[in-house]
Amino acid sequence: SKNGIMSMYVLDTAGEFVHMERMDGILPNDLHTALLKAQTSLRSRQPTSIGAAQLKNNPAGLLRNTTFFNFFEDSGGIPIVVDGQMIGALGVSGGGDENCAIQGLKAAFGEHVTLPVYPAAAGGVEAH
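FYI, my numbering numbers position 43 of the sequence shown as 166, with every residue one higher than the one before it.
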């Protein structure tokens with residue numbers, strides 16, 4: 124986190140509350156943002172960074188999903204997929220959000236968790 128202060132929400136597949144963590148000094152808006160990210164990731168079944176990237180590349184402005192479905196299009200929400208089964212969603216707010224979510228899922232589930240793939244990060248190297 125940029126400022127060292129973070130919040131996190133975990134929801135099950137029905138969208139019900141499972142767990143929440145917040146550090147001292149977190150702003151109420153950041154806490155709510157973590158929940159919105161988890162809800163958006165759960166409903167879209169994809170990382171919220173995808174919506175954030177689409178917004179950056181969309182000269183027309185906001186996506187329909189943002190307005191009509193109340194999606195929160197900002198990085199930090201990812202589905203929790205363990206052994207090929209989606210079991211919920213995680214939302215992190217406070218800075219460095221998606222990377223923190225990924226590291227937390229790695230720590231909790233190890234090789235059993237399916238994580239987002241970032242093709243650009245592979246450096247364009249093709250398997251032969």
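Don't read these hints as lab results, they were simulated from the structure. We put the beta carbon where it would ideally sit given N, CA and C, even for glycine. There could be a bad hint or two in this list.
What follows is a set of in silico ranges between Cβ atoms, one per label pair, in the way DEER data are often shown [as the list claims (entries may be wrong)]:
#1 T237 x A183: 28 to 34 Å
#2 N181 x V205: 15 to 21 Å
#3 L178 x M209: 31 to 37 Å
#4 M209 x M143: 17 to 23 Å
#5 L178 x V240: 17 to 23 Å
#6 N193 x H235: 29 to 35 Å
#7 F192 x E139: 30 to 36 Å
#8 N181 x F232: 18 to 24 Å
#9 A230 x G148: 21 to 27 Å
#10 V141 x P239: 18 to 24 Å
In silico SDA-like links for lysine to any residue, alpha-carbon gap of 25 Å or less [unchecked claim]:
#11 K229 x G211
#12 K179 x V236
#13 K229 x F192
#14 K229 x Q162
#15 K229 x K179
#16 K229 x I210
#17 K179 x H235
#18 K179 x M146
#19 K229 x V204
#20 K229 x E139
#21 K179 x E139
#22 K229 x G138
#23 K229 x Y241
#24 K229 x S167
#25 K179 x I210
#26 K229 x P239
#27 K179 x V240
Legend entry - Structure-inconsistent hints, enumerated in ascending order: Failing hints, ascending: 2, 3, 7, 8, 12, 13, 15, 17, 18, 21, 25.
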